[in-house]
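J.: Residue strings, one per chain:
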Amino acid sequence: MDLRLSYGRHCVLDGCDLSVSRREVVGLAGENGSGKSTLVKCLLGFLRPSAGRVHCDARVGYCPQENYLHRSYTVAEHLDLVGSLRRGGQPIDAGFVGQCVATLKLERYLGYPIRKLSGGTYQKVKLLTAIAHRPPLLVLDEPTDGFDWTMYLVFWDLMAELVRSGTGVLMISHLLHDRDRFDRIYELREGRLHA
Amino acid sequence: MPESAHRRTGWLVLRLSALELWRNPLGLVLLAVIPAVFIGTIWWTASQDAVPLKIFFGNETLRLLLTQRQVGLVFVSAAVSGFLAAYYTLILFHNDFGYFRFCAFMGLSPPLFTAARFTAFLGVTAVLAAVTTLGLGRVTALEHPLTVFAGFLLIIVIYGAYGGIVGILSRSFMPALLWIVLLAQLDAGWLQNPVYYSAAQDSRVIHWLPAFYPCQVVFSAAFTSRDNGAALGGALVWAVATVAVLIAAVQWRMRGPLNAGGRLDWG
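One line per chain: the protein sequences are E and V, in this order. Just so it is clear: in the first sequence, position 184 is 183 by numbering that gives the first Met the number 0, and no numbers are missing. Just so it is clear: in the second sequence, position 178 is 177 by numbering that gives the first Met the number 0, and no numbers are missing.
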C-alpha cells in the first residue's frame, strides 16, 4: 500500500496500491521501463521500497523476467534442488511436478544443461519452478516470453486449473489483447497504478 | 524445515557445487598447470646458494641458512595455494549468485548454502594441498610433511574465504578478480617471501597480513623440527575470522528475499 521507490531524484514508484486475492488473475501492464518489474521486486522483498507497506499472508511462487537459472546445472538437477526446498514449510508435490513436466513437454530436456536450452524451454523451466510448490499466490513477470502459440494456450489452461484450485495470480503482461483472461488489470504510468 | 530436508538440501548443494567445479575446464586446467609451472620454474631457475632466513616463533625468532631453491619451492607453493583458493571461491560465490539468491527466496538457508559451497571447495582444494605437499616432498626435504599440509590448508581456508567475500560483494567478475590478484600478489606472492620478510626494514605490517601466520606454519614445519604454536594459533584465528565474515556477507546479500519466505510484512 502506498508503495514508493526512488533512485536518487528519479521517482520509479509514486504511491502504488495493489491487491491480489485468491482465485483471481490480476494483470499489470505498462510501457517498457515504467517500473512493473521493480514494483514486483518490492512486493516480494528483492528490493526495499523507500516508503509504503507490503503485506503478504501467503507463500509466493515467482517467475522473474531475468534469466536467473544456473547455467551449468541440468534441468533435472535444478528441479531436484528446488524440490528439496521447503517454501514456508511446504514440501514439493512430486506428482504435480511430474504432471507439469508432461504438460509443458519438458521430459526430453531433463538431462539438458540449462545453458543449452532454447528461450521458450528456458521459460518453461522458470514457470515450473514458480508453480512447483503449488503456492497460493503466483507472481509471473512476462511468463509467456518465447512460447509458441500451442504452448501459450497450454499456459493459460494451466493457469485456469491453478486458479480453480484457489491460486491467485499477479501477472506482468504486454498482451492486452488477452484482457478477457484477466479479472482486473492495473496499468503503471509515471509511477502510479491505474485500474 | 525438518532436519532430513536440511540434510538433503545441504547434500544437493554440496554435490552440485563439486559438479560446477568439475564442469569448469579452465579451472581444472589451472588447478593442475599453475602449481606445476611455478614449481617447475623455481626448480629450473633457483640456485643452490644459501640464503639467511628468519622464522617467526612468537616471542622468539629462529635464524636459518637454507638454499634459495628450498626456500623458493616452499614459498611459491604457499603463494600459489592462496591465489588458486581465492580464484576458486570467487567462482563459487560470485558466478550465478542470483540463482542462489532466488533459491533463498524458495527456502534455501544462507548458512546451509555457505557451508555446502565451502565444504565442496575445501574438498577440491584439500586434494590440491595434498598433491602440492607430496610434490614438494619429492623435490625437497620436508621436516613435518603433515604440518606443511595443514599450513597449506590454512592458507586455502583464509584465502578461500577472502575470495568468497570479494565474490559475494562485487557486482562484476573482473573487479573482483583484480581485488584477489591485488591482495594475493601483495601478501602471499610477495611480502611473505621469507627472503624478503627476513630482510624487511619493518616487518610489523607483514605480521598483520592474512597469509603471514599460515606461511610461518608452513616454513617452520618444512625447515625445522620445532612446533610453532604461535603461528598455528594466529593462522586459526585468521581462518575463523575470515570464514565468519564470509558467512555474514552471504547472509547480508541474501537478506531481502528471506523476508518473503512465507509471510512478508514490512513498512
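Don't read these hints as lab results, they were simulated from the structure. Hints may contain errors.
To be verified - No farther apart than 25 Å at their CA atoms in a straight line, the calculated lysine to any residue pairs in the SDA-like style are these: (1) 53(V) - 254(V); (2) 53(V) - 144(V); (3) 115(E) - 138(V); (4) 53(V) - 225(V); (5) 115(E) - 53(V); (6) 115(E) - 200(V); (7) 115(E) - 28(V); (8) 104(E) - 43(E); (9) 115(E) - 98(V); (10) 115(E) - 13(V); (11) 53(V) - 235(V); (12) 115(E) - 143(E); (13) 115(E) - 26(V); (14) 115(E) - 148(E); (15) 115(E) - 73(E); (16) 104(E) - 82(E); (17) 115(E) - 192(V); (18) 115(E) - 25(V); (19) 115(E) - 252(V); (20) 115(E) - 23(V); (21) 53(V) - 200(V); (22) 115(E) - 136(V); (23) 115(E) - 19(V); (24) 115(E) - 225(V); (25) 115(E) - 96(V); (26) 53(V) - 136(V); (27) 115(E) - 24(V); (28) 115(E) - 17(V); (29) 115(E) - 235(V); (30) 53(V) - 201(V); (31) 115(E) - 208(V); (32) 53(V) - 236(V); (33) 104(E) - 192(V); (34) 115(E) - 236(V); (35) 115(E) - 144(V); (36) 104(E) - 98(V); (37) 115(E) - 201(V); (38) 115(E) - 93(V).
This structure is a prediction, so every number in the text was calculated from the model and none was measured.
J.: Determine for every hint whether it applies to the structure shown.
T.: Now for the hints, and whether the structure bears them out:
1. 53(V) - 254(V): Judged against 25 Å, a Cα distance of about 46 Å means the pair is violated.
2. 53(V) - 144(V): The hint holds at about 20 Å.
3. 115(E) - 138(V): violated (45 Å)
4. 53(V) - 225(V): holds (14 Å)
5. 115(E) - 53(V): violated (55 Å)
6. 115(E) - 200(V): violated (56 Å)
7. 115(E) - 28(V): holds (23 Å)
8. 104(E) - 43(E): violated (29 Å)
9. 115(E) - 98(V): holds (17 Å)
10. 115(E) - 13(V): OK: residue 115(E) and residue 13(V) at ~23 Å, within 25 Å.
11. 53(V) - 235(V): Given pair residue 53(V), residue 235(V) holds - Cα atoms ~21 Å apart, limit 25 Å.
12. 115(E) - 143(E): holds (19 Å)
13. 115(E) - 26(V): OK: residue 115(E) and residue 26(V) at ~21 Å, within 25 Å.
14. 115(E) - 148(E): holds (22 Å)
15. 115(E) - 73(E): The given pair, whose Cα atoms are some 9 Å apart, holds under the 25 Å limit.
16. 104(E) - 82(E): Status holds; Cα separation ~19 Å.
17. 115(E) - 192(V): violated (45 Å)
18. 115(E) - 25(V): Holds. Residue 115(E) to residue 25(V) sits at ~19 Å (cutoff 25 Å).
19. 115(E) - 252(V): With Cα atoms ~28 Å apart, residue 115(E) and residue 252(V) exceed 25 Å; violated.
20. 115(E) - 23(V): holds (16 Å)
21. 53(V) - 200(V): Roughly 13 Å separates the two Cα atoms, so the pair holds.
22. 115(E) - 136(V): violated (44 Å)
23. 115(E) - 19(V): Given pair residue 115(E), residue 19(V) holds - Cα atoms ~16 Å apart, limit 25 Å.
24. 115(E) - 225(V): The given pair, whose Cα atoms are some 56 Å apart, is violated under the 25 Å limit.
25. 115(E) - 96(V): Roughly 19 Å between the alpha carbons, so the hint for residue 115(E) and residue 96(V) holds.
26. 53(V) - 136(V): holds (22 Å)
27. 115(E) - 24(V): holds (17 Å)
28. 115(E) - 17(V): holds (20 Å)
29. 115(E) - 235(V): violated (43 Å)
30. 53(V) - 201(V): Given pair residue 53(V), residue 201(V) holds - Cα atoms ~13 Å apart, limit 25 Å.
31. 115(E) - 208(V): violated (43 Å)
32. 53(V) - 236(V): holds (22 Å)
33. 104(E) - 192(V): violated (59 Å)
34. 115(E) - 236(V): violated (44 Å)
35. 115(E) - 144(V): violated (45 Å)
36. 104(E) - 98(V): Between residue 104(E) and residue 98(V) the Cα gap is close to 23 Å, so the pair holds against 25 Å.
37. 115(E) - 201(V): violated (55 Å)
38. 115(E) - 93(V): Holds, because 21 Å separates the two Cα atoms, which is no more than 25 Å.
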